[in-house]
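When you get a sec, could you build the whole thing from the sequences and use the hints?
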Amino acid sequence: MSTATVALSTTPLESSPSHTAKVYFKEAKYEFLKNLRLRMYTASVLSFPLMFYVLFGLVLNSKEAIGGTRVPTYLIATYGTFGVMGASLFGTAAGLAADRGLGWLQLKRASPMPPFAYFIAKVVMSMIFSAMVVVALMVLGVSFGGVRMPIADFAKLLGTLVAGSLPFSAMGLAVGYFAGPTSAPPTINLIYLPMSFCSGLWVPFMFLPKVVRQIALVLPPYHLSQLALGIVGAGRHESVATHWEVLFAFTLICLGIARIGFQRDQEKMYG
Amino acid sequence: MSLKVENMPATQPIETRRMVASLEGVSKNYGPVRALRVVDFNVCAGEVVALLGPNGAGKTTAVKLLLGLMPPHNGRVRVFGRDPTNPENRKRTGAMLQVGRVPETLRVREHIDLFSSYYRKPMPLAEVLGAAGLEKLGERKFSDLSGGQRQRVLFALAICGDPDVLFLDEPTVGLDVEARHMLWEEIRRLVERGKTVLLTTHYLQEADTLADRIAVINQGAIIAQGTPAEIKAQTSGKKIRCITGLGIEMLRRISGVTEVREDREAVEIHAREAEPVVRELLARDPQLSGLEITSAGLEEAFLALTRNNGQNENQQN
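As you go down the protein sequences, you meet chains A and B in turn. In this text, residue positions in the first sequence follow our numbering: the first is 1, and each later residue adds one. In this text, residue positions in the second sequence follow our numbering: the first is 1001, and each later residue adds one.
Since the hints were derived computationally from the structure, they do not count as laboratory data.
Heads up, incomplete: computed chain A residues facing chain B, CB under 8 Å, no partners named:
{"id": "1", "residue": "23"}
{"id": "2", "residue": "27"}
{"id": "3", "residue": "34"}
{"id": "4", "residue": "38"}
{"id": "5", "residue": "104"}
{"id": "6", "residue": "106"}
{"id": "7", "residue": "110"}
{"id": "8", "residue": "111"}
{"id": "9", "residue": "113"}
From the three backbone atoms N, C-alpha and C, an ideal C-beta is built for every residue, glycine too.
Right under this line is the structure:
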């Protein structure tokens, strides 16, 4: 039996669905813990939207209203969108770019980890952080800003914003596949901050210059914030279906770009 | 360990043992850089093979091909008789790669827990920690570990799934002497339990003491393969040390001399065989003194091999 192989002598055990589920769960759990302990991440992702909300929604303009909606309520929708964007973009892109560029992802790929577990973990982690930002905004608004809404509307707002994490996670994956470990965070800021401004997340949309308002129509945060504002009775009352369609299309485009990066990585070597 | 192997007939064991992993006529280029050129190489069940070579020789490329992290340009890579990207293979494989950044905020125990979950029958955590010498460090965050401790965590991740074959890329780089010896012990223990190990190293001593078989790689080509004893025998010959009035250039012209070096007041002559050279030396220089003849070690063999290889290369160009 010269040059025989040992391969097929042992029967491969099928991976049970429960085992696979456990792997996905652990991957997501540790991805969450990893980021939760990363002060850079939690500080920028949680504290910026909350700080802005406290300052502009509770301290300064709490008695004002924008188009019939009280400012503390209105700003939950817009800073909520802002927070979701930050949590999702930084949560996926920064980690992915570093893991890719510095060899960690290769080690994971060499292991029996199901390849999708890695990505799903990042997306789930981003959604959890998105939910944390939005819930924190709601708690602040209800406790200190007199925000009152039916529970169903709170739930709908939370659900919409957390679902809105997906397009930005997809975008983060795309950025993470094309940016280097050190260039990823500034690249995200370069996308994230102008997009937030142009979409009316900092300054209410109606106060933006006309040219900016036209640009906003193609920006995903505009569409997500309009969905959120619609729930609190504000915004521009455009077609809800259109907003979702734009976000869905944007997600697909980003996943397509991420896929190109993924394949490029498979073919070339790095590190 | 190495003694046992040295006593085995050279040609007998390799062919009859079961092949676990192989590169068959494999070439790999990175743009214009030819990282591997038509490499044939295999690892058989239960053996420790060292891929020995200087930095940039193609060691890491060979490991990454075997791990299915990239495809070869030419040739075939097989692990357990299958394509290395096969998910079943990965469940039987453990890997150690040179990683620039490991997620720093996770604890040692958590890293191991996650990697263990990928495998069907992982080792218990305590056993993994013990094997990697991390008993007291389970609760530490990765960021709080020293360089050597980090390297041991990567080793723990490679073995935690109790895999059948381990591909270790520079496993002992950055380890102090004690930690290195501990890791060697651990690798021996793995082999005693029937595991197969391929490791890359540029430490000659490591290859010599640990490996059943060494493949010397340089500039993308395997230039010698065999047991440590065979490698030494193949090229090294003898080292002749003496004090002589003969000039270096003249010594170099003596037939059978491969290298001449000045060493303080003496010269060190490397030769395939000592006797004819010594005869010639004594005939030419009756004043010659301080004569010593020793067998060249693996280091000399390695230097000779890589240098010859480089010369051939230059002649071809």
